[in-house]
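Can you make the complete structure from the sequences, with help from the hints?
Number of protein chains: 2
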Amino acid sequence: MQNFNYCNPTKLLFGKGKIAAISREIPADTRLLVTYGSGSIKANGVYDQVSQALAGREWFEFGGIEPNPCYETLMGAVELVRKQSITMLLAVGGGSVADGTKFIAAAVGFEGDPWEILSRQAPVRSALPLGVVITLPATGSESNGFAVISRKATQEKLSFGSPLCFPRFAVLDPDTTASLPRRQVANGVVDAFIHTMEQYMTYPAANALQDRLAEGILLTLLEIGPKVVLPEPDYDTRAELMWSATLALNGLIGCGVPQDWSTHHIGHELTAVYGLDHAQTLAVALPGVLRNRKAEKREKLLQYAGRIWGLTDGSPDERIETAIARTEAFFQSLGVPTRLSAYGVDVANAPETIAARLEARGDRTLGERGSITPAVVREILATRL
Amino acid sequence: MQNFNYCNPTKLLFGKGKIAAISREIPADTRLLVTYGSGSIKANGVYDQVSQALAGREWFEFGGIEPNPCYETLMGAVELVRKQSITMLLAVGGGSVADGTKFIAAAVGFEGDPWEILSRQAPVRSALPLGVVITLPATGSESNGFAVISRKATQEKLSFGSPLCFPRFAVLDPDTTASLPRRQVANGVVDAFIHTMEQYMTYPAANALQDRLAEGILLTLLEIGPKVVLPEPDYDTRAELMWSATLALNGLIGCGVPQDWSTHHIGHELTAVYGLDHAQTLAVALPGVLRNRKAEKREKLLQYAGRIWGLTDGSPDERIETAIARTEAFFQSLGVPTRLSAYGVDVANAPETIAARLEARGDRTLGERGSITPAVVREILATRL
Chain A
9 MQNFNYCNPT KLLFGKGKIA AISREIPADT RLLVTYGSGS IKANGVYDQV
59 SQALAGREWF EFGGIEPNPC YETLMGAVEL VRKQSITMLL AVGGGSVADG
109 TKFIAAAVGF EGDPWEILSR QAPVRSALPL GVVITLPATG SESNGFAVIS
159 RKATQEKLSF GSPLCFPRFA VLDPDTTASL PRRQVANGVV DAFIHTMEQY
209 MTYPAANALQ DRLAEGILLT LLEIGPKVVL PEPDYDTRAE LMWSATLALN
259 GLIGCGVPQD WSTHHIGHEL TAVYGLDHAQ TLAVALPGVL RNRKAEKREK
309 LLQYAGRIWG LTDGSPDERI ETAIARTEAF FQSLGVPTRL SAYGVDVANA
359 PETIAARLEA RGDRTLGERG SITPAVVREI LATRL
Chain B
9 MQNFNYCNPT KLLFGKGKIA AISREIPADT RLLVTYGSGS IKANGVYDQV
59 SQALAGREWF EFGGIEPNPC YETLMGAVEL VRKQSITMLL AVGGGSVADG
109 TKFIAAAVGF EGDPWEILSR QAPVRSALPL GVVITLPATG SESNGFAVIS
159 RKATQEKLSF GSPLCFPRFA VLDPDTTASL PRRQVANGVV DAFIHTMEQY
209 MTYPAANALQ DRLAEGILLT LLEIGPKVVL PEPDYDTRAE LMWSATLALN
259 GLIGCGVPQD WSTHHIGHEL TAVYGLDHAQ TLAVALPGVL RNRKAEKREK
309 LLQYAGRIWG LTDGSPDERI ETAIARTEAF FQSLGVPTRL SAYGVDVANA
359 PETIAARLEA RGDRTLGERG SITPAVVREI LATRL
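Protein chains in written order, with the working numbering: chain A, 9 to 393; chain B, 9 to 393.
Misleading hints may appear alongside valid ones.
It does not matter which identical chain is meant; a pair holds if it fits inside one copy or across any two.
Unchecked claim - With a straight-line Cα cutoff of 25 Å, these simulated DMTMM-like cross-link-like pairs (lysine to aspartate or glutamate) come out:
1) K19 <-> E33
2) K160 <-> E231
3) K235 <-> D37
4) K235 <-> E307
5) K50 <-> E240
6) K160 <-> D325
7) K91 <-> D37
8) K91 <-> E119
9) K302 <-> E360
Bear in mind the hints are in silico, worked out from the structure with no lab data behind them.
Nothing here was measured: the structure is a model prediction, and the numbers come from that model.
And the structure:
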């Protein structure tokens, strides 16, 4: 097992009615800014629950944080924070609102242009404390220090992370997810599945327990995936998705293991250029990455085929191909297409466009072995049209 | 899934050479007390590593914390802490040293007789900060807020827990376990296995992912158990045991699930009266609890038989009995007997003695359904002679 440090200080408040508990987590003298997205929280009652929990306090709000939250939008919130001397942030929404709020938290005290936190990974030396009420189980952002931010002007989508950006607390009430559209729920399943795969599907490195934990998340998502995308899934099924999404990216399963993340790098570019949902890009890229890197990932692909898909018959190559095909079919069964053409992308140019962007950014050695060059990305995407 | 809150703020420093990093985790102006046990850390080089890491600081030490750490001993440390105005504690040793140090941390500022923290679960309102260098993978104490303390004078063994007693940091260097005697390693495997079982082997309660995580720990322990008790187990095998023991009792797998802990209650009494090692008592009690509560635990026992032991043939009752028998055989294969007579216990009186002690303490409704009365404990132990 590789050496690692791990600390996840976020206090999780999981379950029915937990929004009511946020007041105890926010000091009385706080000048609070509540951040949210398109306003779906006003339609589904979550905004009202938050308002009730904050009754008797003065608080401010900043709505309109978009999916793939934009630097341009978020800098508006930074201005409001400064103007109103805000001392704490409460993100209410999905991963985009949580990510955007982390950027606001880090940008407020940043000396210089906060874009440098993303563009040159400038160190975050201070951040406002933040809490999260997560309403879309997918990214795990409610319990990690990472954020992915886009910039409209330059068509960029970049990530940063800081221990200072772990939420102080996160409310995970599965009831808040009852009104989610099927597309977002399906995206959440794919997202959590592929977050797990990025930390699992590499090479054997003496990670017996870590492999079991990752496999546990994958098996759970396979079990609940088909049910959670049906109309009106029950509470427990939604709770499993919420908990799986958190554990897929709260850092735990990444401890001491080699990690890939090439699917994410490719996916971020696909979102930046063509506007696909994050999970859609992952569902497109992953099968291509797995097939292309079959030799490097051979032992883990065989383990995956056996433990996740129960494949014991056939040659090793057949089992690997079947496992990848079933993975792809699983995404499709949720209603998430796995080919670029299904999303109206200009497929003739996409492989070259994405490869050139990675090349230009200097992302030349993706994957757990650093072997995925822009040329390999071009090959991979040529199989995903 | 049941509602839950979860926060584990302990920073884990896992791997080779990590003791050297403790200095960064201890503020420069700290008046530090290093606590330890029988002195094995002086024989195996751990004391020297800690000394080197603390070079240039003034620090104090308190050795002699025994297995099943004693109130009487620990109050001596409390006196030293007060006399020397100690501001932080560093436990170096196994679970007993970590547990004992948590009690010291909580007792120092307690108004009144600190034994009340245990005897009447008096709330802990302050505690000194502490760190842990864990050298015996077993209890998970390095990453939770719990402690079990014994009192010689009254032959009691009681537990307490407080969020204030989570270690600030914990070093888990598998190299520190290289010189452990086989008995302690075997105890560690049994301990971690049964900690997991207490949080898993109850009844179905919509815990798909939680079940998978617990099963992941059990499968890992079954895989590495036979290897880790051999002479000179390799680093990675010891690392798996260390990581499994931490995850078995850092609170994670207990989130949102029914829990049993009757095996522990019975075990603590067996240690208090007959002096068995903690893990030995668990290995004795668990098979009896499982057989006696077979009807209540039927669905989970069948799941356990299938997923952990791969049992698919035979009647449900046969599969359950085989799974329990194999569990017992696993403990025995590690060198941990599962019958009281193997430990020289006065078997004629043990069932009655232990049942009477639980009755006297008011522990009348053990187990996840509160159905394990002292009379049931008597029945259980009568099958474990």
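Hint by hint, here is what the structure shows:
For the identical chains of this complex, K19 and E33 are neighbours both inside a copy (9 Å) and across copies (21 Å), given an alpha-carbon limit of 25 Å. Taking identical chains as interchangeable, the C-alpha atoms of K160 and E231 are never at most 25 Å apart, the minima being 38 Å within one chain and 51 Å between chains. Proximity of K235 and D37 under a CA criterion of 25 Å is satisfied in neither setting, with 44 Å inside one chain copy and 56 Å between copies. In this assembly of identical chains, the alpha carbons of K235 and E307 lie at most 25 Å apart only when taken from different copies (22 Å versus 31 Å within one copy).
Taking the shortest Cα distances, K50 and E240 sit within 25 Å of each other inside one copy (20 Å), while across copies they are farther apart (62 Å). Within a single copy, K160 and D325 get their C-alpha atoms no closer than 43 Å, and across copies no closer than 63 Å, so neither meets the 25 Å cut-off. Taking CA atoms no more than 25 Å apart as the test, K91 paired with D37 passes inside one copy only; the shortest distance there is 17 Å, against 38 Å between copies. Taking identical chains as interchangeable, the C-alpha atoms of K91 and E119 lie at most 25 Å apart only when both belong to the same chain, with a minimum of 17 Å there against 46 Å between chains.
In this assembly of identical chains, the alpha carbons of K302 and E360 lie at most 25 Å apart only when taken from the same copy (22 Å versus 62 Å across copies).
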